[in-house]
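Following the hints, position chain B against chain A.
Residue numbers (the UniProt record's numbering), protein chains in the order written: chain A, 1 to 331; chain B, 1 to 331.
Any given hint could turn out to be false.
[As the list claims (entries may be wrong)] Straight-line distance between alpha carbons at most 30 angstroms, and here's what the computed DSSO-like set of lysine-lysine pairs gives:
{"id": "1", "chain 1": "B", "residue 1": "Lys320", "chain 2": "A", "residue 2": "Lys259"}
{"id": "2", "chain 1": "A", "residue 1": "Lys219", "chain 2": "B", "residue 2": "Lys219"}
{"id": "3", "chain 1": "A", "residue 1": "Lys168", "chain 2": "A", "residue 2": "Lys129"}
{"id": "4", "chain 1": "B", "residue 1": "Lys23", "chain 2": "A", "residue 2": "Lys323"}
{"id": "5", "chain 1": "B", "residue 1": "Lys23", "chain 2": "B", "residue 2": "Lys323"}
{"id": "6", "chain 1": "B", "residue 1": "Lys219", "chain 2": "A", "residue 2": "Lys320"}
{"id": "7", "chain 1": "B", "residue 1": "Lys323", "chain 2": "A", "residue 2": "Lys320"}
[Said to hold, decoys possible] Residues of chain A placed beyond 10 angstroms of chain B at every Cβ, according to the derived structure:
{"id": "8", "residue": "Glu59"}
{"id": "9", "residue": "Ser171"}
{"id": "10", "residue": "Glu173"}
{"id": "11", "residue": "Val260"}
Because the hints were derived from the structure by calculation, they are not lab data.
In this text, a Cβ means the ideal position worked out from N, Cα and C, and glycines have one as well.
Single-letter residue listing:
There are 2 protein chains.
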Amino acid sequence: MSDDLNILILSCGTRNKIVQYFKKELDGRGLVIATDCSDLAPALYEADDYYIVPRMEEEGYLDAILSICKQNNIKAILSLIDPELSFLAEHQQVFLDIGSVPIISDSDVVEMCFDKYKMFEFLTRNDFKTINSYIDKEQFYSDVEAGVIKYPVFVKPVRGSASINISKVTSKEEIELLFSRFDNLMIQEFMDGTEYGADVYTDMISKEPVAIFIKEKIKMRAGETDKSVSVKDNQLFELIKNFVKNSGFKGIIDIDIFKVNGEYYISEVNPRFGGGYPHAYESGVNVPEMIINNINGNPNDDAIGHYEDGVCMMKFNEIKILKSVENAFSK
Amino acid sequence: MSDDLNILILSCGTRNKIVQYFKKELDGRGLVIATDCSDLAPALYEADDYYIVPRMEEEGYLDAILSICKQNNIKAILSLIDPELSFLAEHQQVFLDIGSVPIISDSDVVEMCFDKYKMFEFLTRNDFKTINSYIDKEQFYSDVEAGVIKYPVFVKPVRGSASINISKVTSKEEIELLFSRFDNLMIQEFMDGTEYGADVYTDMISKEPVAIFIKEKIKMRAGETDKSVSVKDNQLFELIKNFVKNSGFKGIIDIDIFKVNGEYYISEVNPRFGGGYPHAYESGVNVPEMIINNINGNPNDDAIGHYEDGVCMMKFNEIKILKSVENAFSK
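Just chain A, with the same shape it has in the complex:
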């Protein structure tokens, strides 16, 4: 089976669609193997085979994953949760050494995604419009006085995994209170505009962005896009190409963008398959196929904008049933 294009999906969780798409695109040319630390991750049961693994923080995690890669002759490895992206990026070389290609950007780029202020500095330095952000509240106060920014603003932790909720605040008093209670906060401009998401694939061989799918977010639910509509806009395609090439992203990423008064502002990047990727796939933007091409040694042609606009995506709940799970989970 040494030619099999086997793919490993780490921390698959509830991302059943991603597993389904890889299986469909492999179409027998390889297996999809999935892992999760819980046997109640429904996407496990979509895969050709699965492993219940330790939690990422636990000792021996890297060895466990390396051993799965070797045993299953894994050609590409990807993760669907944020903390593991740093892990994959850091250990890129050990995986490459055994012939498994992590579909991930380099460590410094991944880390920038998880530090909103670093991302802000990078974007500003490179002349990309972004959301005005401050870690220095005195600087913010003086910008308020100078009329550069006005209330309301958002106060949020600089690093993504929020220990406090994001707060919309309207006064200096509230900012003082939050900054006195929590460390590592930043103040961010409130963007009153339209929100977009872009799924972007940068070829692992040619290093060129080869697929971009843009959707306008119509309805959010619990922090996720619940309904969206596909959009084509050459100005935004060019902006995204520039941004991706400048910042050095590789593989699949998901970008959040705001449009205010006709101008696009880059907000955040998730260097993995975004929760809204199924919209792109069902519209013909086939990233699993592009990944398979890459691990098969073939670069992909530029297919940016190869989809129809005005296509709507609406999420709903599907369920997976698992029988006889006595003692399978702890209460």
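Okay, now just chain B, sitting in the frame of chain A:
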């Protein structure tokens, strides 16, 4: 087509599974018609036919629904959203007059479900254990002093549709602050135990509870059960039967229950298909079939507990794609 067992599902939203189940159970004996005020309700596109209708609050809504019932020779009508349950219950007779049976409890019972304090009083009066609740904060303070209840407690609006979030509070000061800012609040005991959900069908002809499915909630997400496991417990079956017969519920309801120190406490009732009903259906508790039997003139036999325990349900996102929706939604 006068013998067709056509069913109308109002405000179907994202409840695709419910529409699918009715279609499957009808199996050609009738049509499933769905409505929603938005054409971005994915469940519309599962139905045999659908109508985009005005919002429920808008004038002419009742006439619009009655006219759909007449046009399609609807035999049963149900709604999947809370505000519309009151509407259906209030107008039961007009629907019955044209031969469409609303699968809903009577108005007083439905209203009790939306008033947490009325429900508390009903349960207490009828000797059912429930969550200790207060609308009189002075009474609460004196019970705290007497050692009847202790902090933390929840402060929440008496009526379901929350204009403020539910707050977990630990002091008199916080309670005073919340009561000074909002009307119609209640204080509710914090239940430190296991949470269960029960899907219950009370036959529309025999008025007897004929199906009960109990699941332990393993994981919640955005207020919904994300993972659950089926449970069988005769003590709880008896408690639920008693409760349902005492309170006069009809049709399909969903009950929230807590277990603390081996005792069951009834918390809330949704007099409609609960969000977790697919777990019951996939475990063999076939409420759509029971509804179809009823509108076909046949009562259902007691099937309480006819399912396996230890069956796990895990939700994940499925998507529906809708092409060419130019001008189909407003921005």
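Hints, one by one, checked against the model:
no. : hint                  : result
1   : B:Lys320 <-> A:Lys259 : holds (26 angstroms)
2   : A:Lys219 <-> B:Lys219 : holds (24 angstroms)
3   : A:Lys168 <-> A:Lys129 : holds (22 angstroms)
4   : B:Lys23 <-> A:Lys323  : holds (25 angstroms)
5   : B:Lys23 <-> B:Lys323  : holds (23 angstroms)
6   : B:Lys219 <-> A:Lys320 : holds (14 angstroms)
7   : B:Lys323 <-> A:Lys320 : holds (27 angstroms)
8   : Glu59                 : holds (26 angstroms)
9   : Ser171                : holds (17 angstroms)
10  : Glu173                : holds (16 angstroms)
11  : Val260                : holds (14 angstroms)
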